[in-house]
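Here the structure of chain C is known, so what remains is to put chain U in place on it, guided by the hints.
There are 2 protein chains.
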Amino acid sequence: MLRSSVKLVRGSSSRLSALSLRAVNNRFSSHFTASSKLSLEDVNPRVIAAEYAVRGLIPARAEELKKKLQRHPHEVPFKSIINANIGNPQQLKQKPITFYRSVLSILQSPSLLETDVFPEDVKARAKTLLDNVGSVGAYSHSQGSSVVRESIAKFITERDNGALAHPKDIYLTTGASDAVKVIFEVILNGEKDNGVLIPIPQYPLYTAALALKNATPIPYYLKESDNWGTNPQEIDDLVSQAEKFQVKPKILVVINPGNPTGAILSKENIEQILAVAAKHGLVVIADEVYQENVFEGEFHSFKKVLSELQSKHAEFDSVQLVSLHSSSKGVSGECGQRGGYMELVGFKPEIVALFTKLASISLCPVVTGQALMEMITNPPKEGEPSYELYQSEVSAIHDSYKEKADALYAAFKDLDNIEVQKPQGAMYLFPKITFNDRVLAAARESNLLPDVFYCLRLLESTGICTVPGSGFGQEPGTFHVRTTFLPPGSEWIQDWAKFHKEFVEKFAE
Amino acid sequence: MLRSSVKLVRGSSSRLSALSLRAVNNRFSSHFTASSKLSLEDVNPRVIAAEYAVRGLIPARAEELKKKLQRHPHEVPFKSIINANIGNPQQLKQKPITFYRSVLSILQSPSLLETDVFPEDVKARAKTLLDNVGSVGAYSHSQGSSVVRESIAKFITERDNGALAHPKDIYLTTGASDAVKVIFEVILNGEKDNGVLIPIPQYPLYTAALALKNATPIPYYLKESDNWGTNPQEIDDLVSQAEKFQVKPKILVVINPGNPTGAILSKENIEQILAVAAKHGLVVIADEVYQENVFEGEFHSFKKVLSELQSKHAEFDSVQLVSLHSSSKGVSGECGQRGGYMELVGFKPEIVALFTKLASISLCPVVTGQALMEMITNPPKEGEPSYELYQSEVSAIHDSYKEKADALYAAFKDLDNIEVQKPQGAMYLFPKITFNDRVLAAARESNLLPDVFYCLRLLESTGICTVPGSGFGQEPGTFHVRTTFLPPGSEWIQDWAKFHKEFVEKFAE
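Listed in order, the protein sequences are those of chains C and U. For reference, each letter of the first sequence is one residue, going 1 to 509 in UniProt numbering. For reference, each letter of the second sequence is one residue, going 1 to 509 in UniProt numbering.
Any given hint might turn out to be false.
Identical chains blur together in the list; that is why a pair holds if it fits in one copy or across any two.
[Stated by the list, open to error] Here are the computed lysine-lysine pairs in the DSS-like style, where the Cα-Cα straight-line distance is at most 27 Å:
no., residue 1, residue 2
1, Lys68, Lys154
2, Lys154, Lys381
3, Lys37, Lys267
4, Lys168, Lys68
5, Lys357, Lys192
6, Lys248, Lys192
7, Lys127, Lys95
8, Lys37, Lys244
I should point out that these hints are in silico values taken from the structure, not numbers from a laboratory. Since the structure is predicted, the reported quantities are computational estimates derived from the model, not experimental observations.
Bound conformation, chain C alone:
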């Protein structure tokens, strides 16, 4: 028991006191003065520096408004918050694919195998997975279950016209964000001179993860007027110049289909990018999580294009590529299940061993998320009991995405001071908004960036929650808004158009 023979000596900023440790226990003979708590100067400055706009100021204000709506609905000029800030389809009532979920139910309760609740192919799939993992409650192999990696390798091989993928090169991950962090952990050594080429605009996970690793982001600008195309010559020039600034470019990030731009890279473009990577020994991170979300043109995987180049030109043999995929996007939209994988291509065995070691330190990715990636890459086949329902669910989601994207695009095209590129893929539009001097002055007065000012007004007036372009990066002097086209219905699109017209009128010069 403690005795209370304690002398208090209070300081100004924190409680400093002398406590006899002897009072706590007789084995101690010293006295101590209590130390103060951690302040910002005591902790990791890289965490302080990191920013993540998708869950930043505007979404935080949306959360407040949501609570206000529940308590005082009449004090808010709209009926609900429209979360167009994040690609989170099931939050917006998108139904999950029945086949996936049925199998996952059995994995949780294998006794369902003895009922007739689910069709035979669902049961068979669950049995295959259970035979391999034993239980979804057991740690799996750190890289992921072998049966899951085999299905993924087969999927990649078929997708890439026969360019072989091997289960040993597949690493299951906790979503794709986790993969990015692992790649950065292995390749970046914590020194500021480590450079990573990132597209601007970019998905802000990249700048956040780079801030945490103390690396230098080297922005290459996507060409808005060219439908957000990539200019490999610019990347080549940047790398050549980097040395002058004591920066060593190590990684080149490509997001295809693009987030937030929705653009899809042509095959020719990918060839050029790979040539730049080969020339400079850059590791390519191909963020291909939206590979199923394609409306216009065709998706070419970096792996496929690389394999074709390698079959003709030995100089591409040195290219090192990591391709990312995820359960969160596509038509599955299973964000909360945290499934994902990365495929390592072209690394030396000693580097691969480091990826394996990091995976083992994290024990294993969530096993149900692994099972989900197995099903996403190995869906029901024609003739199987679940095929028709699966096919109709997938088509319905695809069609609805296309329809919503077109509707949003059409609405923006009609509005003054807004320019928007035709959506090709992913889940986003990234319209450019031109602000006149009156808007810029009003934003300055509110101490907000102009795009933040616009998004905040949009939110306060309509409940539509978006992310300002500044969270993704944009050409200096230009302003954008990222919106998903996922929210159901078209009413919110009309609300936005109405808001925009009023905004333009209000600030007319």
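Showing chain U alone in chain C's frame:
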């Protein structure tokens, strides 16, 4: 299309070639020479330095033997691999708790609510969770679903005799390993002078994560002869001396119940440790993932003891504590589901904001794992339909753990050259093995540490896979083996005893 006007210039170690970028695309005018691949000197030396013994040399050899067993069973002197190297209960056929899994099944397929497959309280719980998260496929709040955090806060408050816990201080995590990495990320700034006090022996996640953060581990030795007790005076002395070595201790890690030792800290011991933390401003990480695995004595949470001290002595107000819990241990053993939480106690709001920001960069922890933590902290109550089955399953697992721990303890106690402490908690025994000069010489000849030599021979002779004490750290000159007591049956215990006797005989001087 690529033309093949390519001049090949091959180097010795890698293929260097000059390729006309113009050949890939006419917009380029420069030529390039392909760069070589990443080698170990190009990547993060901290990843190279990190080690994780639980999945190290011995388990890797066990995997090879497992494959050999399948192909050439007659070339291996045992019938199966006994995985006593990792606390992975469901790999060893432990049945999951039916209530948890039934609810998780419904979360995956809400249509099961309309069947009578599951009892009413299972359905009600699933409905409560679904009402809160919408779908387990949607990203939740980054800290975790509010309903989950409320149940956890209530559980902690009850466990700690009314010391209040708040949902806002709870962060759901991907197992407890993830929590450790997040805490290190926030508090350690990447400089070598950041010190972290860790118990020796320790769970090797800590040294691995510290290597990745470039921090200095400061070992404090647990007292084997005192049933692996902690000596706070030693910690106090170490911190006082650290300055002389230009090391600033920032964090104190305590594992209670202990891994790999199985020891449980007394309340008095915890008070002393908290006094040292208060005196030196150390953040305490209380790794309490084995809090349900208690056979002897009583588990006292750091939060509870801290609250009691704070109610009497203002000098404990400055203590900053993070308590970890997980779905992987206890009686649930749901390792592959990757559930976990941390509770932050006593941090300044600006530091808490950094934890929140990091959580948002990771989007959200797996939602099914969150649901599992809700159920673990809020199990069926007396009178509810699932209560009896739940209670009997929990008791059976508890009893079986106790029984296995006792059987293993009894077997070791009878053996020559082995000393073992009575198991109090967790899932492990950490017997000390004394090797004579002949064993030490034989190990040296095999280029192995003596404990690795022993574990490898044990594995090759019996199939029993364990982890050498050197993977956890041990007093210089002493040697140990960590074994879980989870494998079913007692045959493997007899096999081990037989092996040990033969080993001692073989190397008798």
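Status of the hints after comparison with the structure:
Taking CA atoms no more than 27 Å apart as the test, Lys68 paired with Lys154 passes between copies only; the shortest distance there is 26 Å, against 50 Å inside one copy. For the homomeric pair Lys154 and Lys381, the shortest alpha-carbon distance inside one copy (14 Å) is at most 27 Å, but the shortest distance between copies (47 Å) is not. Taking identical chains as interchangeable, the C-alpha atoms of Lys37 and Lys267 lie at most 27 Å apart only when they sit on different chains, with a minimum of 24 Å there against 55 Å within one chain. Taking the shortest Cα distances, Lys168 and Lys68 sit within 27 Å of each other only across copies (19 Å), while inside one copy they are farther apart (51 Å).
For the homomeric pair Lys357 and Lys192, the shortest alpha-carbon distances inside one copy (25 Å) and between copies (22 Å) are both at most 27 Å. Proximity of Lys248 to Lys192 under the C-alpha cut-off of 27 Å is found in both arrangements, the shortest distances being 9 Å within a copy and 23 Å between copies. Within a single copy, Lys127 and Lys95 get their C-alpha atoms as close as 25 Å, and across copies as close as 17 Å, so both meet the 27 Å cut-off. For the homomeric pair Lys37 and Lys244, the shortest alpha-carbon distance between copies (23 Å) is at most 27 Å, but the shortest distance inside one copy (43 Å) is not.
The structure agrees with every numbered hint stated previously.
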